[in-house]
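Here the protein sequences come in this chain order: P and W. According to our numbering, the stretch in the first sequence is residues 1 to 152, in order. According to our numbering, the stretch in the second sequence is residues 1 to 152, in order.
Be aware that one or more of the hints could be misleading.
Heads up, the list lumps identical chains together, so a pair's fine if it works in one copy or across two of them.
[What the hints assert, rightly or not] With a straight-line Cα cutoff of 20 Å, these simulated EDC-like cross-link-like pairs (lysine to aspartate or glutamate) come out:
id : residue 1 : residue 2
1  : 72        : 141
2  : 23        : 50
3  : 34        : 6
Don't read these hints as lab results, they were simulated from the structure.
Protein chains: 2
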Amino acid sequence: MYLRDEVEMLRQVPIFSAIETPKLKLLAFTSERKQFRSGASLCRQGDRGDAAFVILAGSAEVLVHSADGDAKVADVYPNSIVGEIAILCDTSRTATVRAATNMEVLRIGKEQFVRLIDDNPYIAIGVMRVLAGRLIHTTGELTTLRAEHLAT
Amino acid sequence: MYLRDEVEMLRQVPIFSAIETPKLKLLAFTSERKQFRSGASLCRQGDRGDAAFVILAGSAEVLVHSADGDAKVADVYPNSIVGEIAILCDTSRTATVRAATNMEVLRIGKEQFVRLIDDNPYIAIGVMRVLAGRLIHTTGELTTLRAEHLAT
Numbered sequence: 001m002y003l004r005d006e007v008e009m010l011r012q013v014p015i016f017s018a019i020e021t022p023k024l025k026l027l028a029f030t031s032e033r034k035q036f037r038s039g040a041s042l043c044r045q046g047d048r049g050d051a052a053f054v055i056l057a058g059s060a061e062v063l064v065h066s067a068d069g070d071a072k073v074a075d076v077y078p079n080s081i082v083g084e085i086a087i088l089c090d091t092s093r094t095a096t097v098r099a100a101t102n103m104e105v106l107r108i109g110k111e112q113f114v115r116l117i118d119d120n121p122y123i124a125i126g127v128m129r130v131l132a133g134r135l136i137h138t139t140g141e142l143t144t145l146r147a148e149h150l151a152t
Numbered sequence: 001m002y003l004r005d006e007v008e009m010l011r012q013v014p015i016f017s018a019i020e021t022p023k024l025k026l027l028a029f030t031s032e033r034k035q036f037r038s039g040a041s042l043c044r045q046g047d048r049g050d051a052a053f054v055i056l057a058g059s060a061e062v063l064v065h066s067a068d069g070d071a072k073v074a075d076v077y078p079n080s081i082v083g084e085i086a087i088l089c090d091t092s093r094t095a096t097v098r099a100a101t102n103m104e105v106l107r108i109g110k111e112q113f114v115r116l117i118d119d120n121p122y123i124a125i126g127v128m129r130v131l132a133g134r135l136i137h138t139t140g141e142l143t144t145l146r147a148e149h150l151a152t
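Only chain P is shown next, with the shape it has when bound in the complex:
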């Protein structure tokens, strides 16, 4: 793929949308592109987390161990980021991310992620929005389920 096309692809990702073109070119040039086949794991719950993934094509399921085996807690689609929690919090992976289709992803290592945030405050705001949006969703589900639980 030409660098120009890669830059256009990255610009579709909301957390990168406000970055200037030269910086986006640098990101396209220096970042690692990976393919995953349907069914493969991008990361596994409990493993050490050393990278986040930006999904360029395909989709994945986010799975968390529970008493009844792996429970799906979310789906992730193109142009979204996943796996950033472990690199932010220095914890092991809090979930397994499994490819639901063949996928193409951008792998962003921990140090590169921190450098990106340092150089581009807009990315920081974007990642915070993603986290805050997920928190609104999860808290909403928790509140609903608790109310049902009390009613049974």
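Got chain P sorted already, so can you dock chain W onto it with the hints?
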């Protein structure tokens, strides 16, 4: 309170701990300090969110409407940040924050918050860590409750 003491107080707040002293002095000088009496609301679910709060003294409860009235979803203590979700996501307040004791807080307006992030990438990383930590906690509770729900 002397400016020097205020700066020391702000330095206890994890998201501000890595900021250089001159910037912390500026923050202490320009930010709004507010007191809340026990039982008063820092913000109410559904209201427009135009500020985040850093808790300097006292504690608060985070309450969310549910079928059974307000359900407590978290407690917040000194040196933590609360209310940042509405200013990040341009949504109305997702929860009510009610003072459990008399409180002293730093009110950070939306524009000031974005400027702080622009000028201090460490704050961005800190806020992301807070959000990620809450997400780990909420997802854990949700997974446990779902498993219990399925078992009943």
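Looking back at the numbered hints, which does the structure fail to meet, lowest number first?
Of the numbered hints, just 2 does not hold.
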